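Asks: Each chain, written out:
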Amino acid sequence: MALIVEKIDDGTVIDHIPAGLGLKVLEILKIDKDYNARVALVMNAASRKMGKKDIVKIEGKKIDEKTANKIALIAPNATLNLIKNSEVVEKTPVKLPKELVGVFKCPNPQCMTNVEPIETIFKLEKMEPERKLRCSFCELVFEAKELLV
Amino acid sequence: MAKFQDLISIRDLEKSDIELILEKSAHMEQALKTKKELDALKDKVVATLFFEPSTRTRLSFQSAALRLGAKVINFEDVEKTSIAKGETFSDTIKMVDGYSDLIIVRHAKEGSARYAAQLAVHPVINGGDGGNQHPTQTLLDLYTIKRAKKKIEGLNVALLGDLKHARTMRSLMYGLAMFGAKITLIAPRGLEMDRNMVQEVKERFKADMIEKATIHLEDTDVLYLCRIQRERFVDQYEAEKLQKEFRITESVLEKVKDDLIILHPLPKVDEVSPEVDKSKYAYYYEQAKLGVPVRMAIINEMIGR
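First to last, the sequence lines map onto chains E and D.
If you read the first sequence in my numbering, its first letter stands for residue 1, the second for the next number, and so on.
If you read the second sequence in my numbering, its first letter stands for residue 1, the second for the next number, and so on.
Possibly wrong hints are sitting among the right ones.
Stated by the list, open to error - What follows is a set of in silico ranges between Cβ atoms, one per label pair, in the way DEER data are often shown:
hint: 1; chain 1: D; residue 1: ASP12; chain 2: E; residue 2: LEU148; range: 23 to 33 angstroms
hint: 2; chain 1: E; residue 1: LEU148; chain 2: D; residue 2: ARG56; range: 18 to 28 angstroms
hint: 3; chain 1: D; residue 1: ILE215; chain 2: E; residue 2: GLU99; range: 38 to 48 angstroms
hint: 4; chain 1: D; residue 1: GLY98; chain 2: E; residue 2: LYS123; range: 29 to 39 angstroms
hint: 5; chain 1: E; residue 1: ASP9; chain 2: D; residue 2: ARG204; range: 47 to 57 angstroms
As the list claims (entries may be wrong) - Keeping only pairs whose Cα atoms sit at most 27 angstroms apart, straight-line, the calculated DSS-like set for lysine-lysine is:
hint: 6; chain 1: D; residue 1: LYS15; chain 2: D; residue 2: LYS35
hint: 7; chain 1: D; residue 1: LYS42; chain 2: E; residue 2: LYS145
hint: 8; chain 1: D; residue 1: LYS182; chain 2: E; residue 2: LYS126
hint: 9; chain 1: D; residue 1: LYS42; chain 2: E; residue 2: LYS123
hint: 10; chain 1: E; residue 1: LYS98; chain 2: D; residue 2: LYS44
hint: 11; chain 1: E; residue 1: LYS123; chain 2: D; residue 2: LYS164
Claimed, not checked - Taking beta-carbon pairs under 8 angstroms as the criterion, some of the chain E residues facing chain D (in silico):
hint: 12; residue: SER47
hint: 13; residue: GLN110
hint: 14; residue: CYS111
hint: 15; residue: MET112
hint: 16; residue: THR113
hint: 17; residue: VAL115
hint: 18; residue: GLU116
hint: 19; residue: ILE118
Since the hints were made in silico from the structure, they are not lab data.
None of the values given here were measured: they were computed from a predicted structure.
Beta carbons: idealized from backbone N, C-alpha and C, even for Gly.
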């Protein structure tokens with residue numbers, strides 16, 4: 001089935017997002033009505049590998065490493081397609097590093113990182129069935145969704 | 001040469017590291033018994049920074065450092081320091097790092113000791129960071145058990161009380177599982193050990209663990225108690241009820257093994273009846289005493305000559 005969304009000129013297309021999580025990806029990217037360019041969210045697109053998938057197209061945005069790490073937490077098989085002049089010039093699969101530095105705020109209010117300006121460190125504790133990460137300071141384990149709040 | 005740069009969490013230690021400390025603790029205990037003069041820390045200054053109240057941990061660390069010939073600096077009262085004027089934790093640590101060769105820190109916030117270790121050039125020991133870790137207590141507990149029972153592997157160890165909030169229980173469970181003890185967790189409903197922690201220990205060490213909500217101690221070799229933290233209850237009646245239900249009295253100990261030992265990190269309030277204090281099972285005063293040789297061993301490994 002053909003996609004009904006037009007191409008973007010310059011920006012990023014995030015493909016292979018698990019169906020239903022496209023909105024969450026937009027949330028991670030902090031994209032809302034105030035974003036000053038075209039954004040498309042395709043939900044439940046057909047996918048040979050995944051059955052169904054979501055796709056996000058954002059004009060005028062290049063995804064930095066920290067944001068890519070956040071996306072990897074909920075969409076470990078996502079690919080970032082960098083678009084220039086309507087062509088894909090770079091295709092990068094997201095990769096969830098074993099250690100995430102300065103990416104998330106620790107959800108534990110008792111954690112020292114919420115008291116002084118400390119760069120948080122989260123270590124990947126478990127991939128399946130759910131991705132879990134441990135704060136290197138308070139040592140508590142959190143599910144990916146708790147960190148993305 | 002120092003074996004450890006810092007001692008922040010039991011998770012940072014390998015079994016061989018712990019075995020080394022237990023072995024060295026026995027040497028230190030022997031040295032204390034024979035009144036051997038020790039001066040391995042003669043030129044060293046140890047800072048004990050207790051941002052939170054502590055009796056045993058602070059005094060046993062200070063005693064350990066002094067017995068090894070070190071000088072000890074500390075603040076008696078946080079309210080009388082620059083912290084009361086709003087000085088940050090990081091500034092305090094950086095300053096004290098310039099005055100000492102080793103910093104022992106206790107602070108209410110979890111991860112404070114890890115942060116101190118990041119900031120300080122000199123080694124840092126965690127003397128308790130909020131509800132997170134208290135690694136020297138765990139080393140002391142493991143030493144006490146090994147000393148009394150000659151082994152840890154295969155022992156039936158029951159951890160009883162408010163397992164949700166007691167940091168000593170978390171790290172002790174980890175240490176016991178590492179050494180192959182059979183662990184029974186006994187806690188009132190709602191005060192059970194953190195799920196993630198139980199899961200982690202089971203997976204990492206293939207630990208033999210069961211959980212109960214009532215007290216059965218017939219097969220227990222070591223009973224480790226901690227208090228029900230009443231201040232955490234909104235309903236004081238409920239706290240009172242649980243306190244009574246989980247109180248260790250002579251009648252609870254009627255069918256226990258003859259060589260059972262009862263441990264407690266102290267301070268205890270009324271979770272143990274006075275007659276149990278006098279019984280052959282009570283081992284917690286001995287345990288508290290062992291805090292000195294174990295902490296001597298730790299400090300010596302870190303900054304000793």
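Asks: Does the structure break any of the earlier hints, and which numbers would those be?
Replies: Of the numbered hints given earlier, those the structure breaks are 2, 6, 7, 9, 10, 12, listed in rising order.
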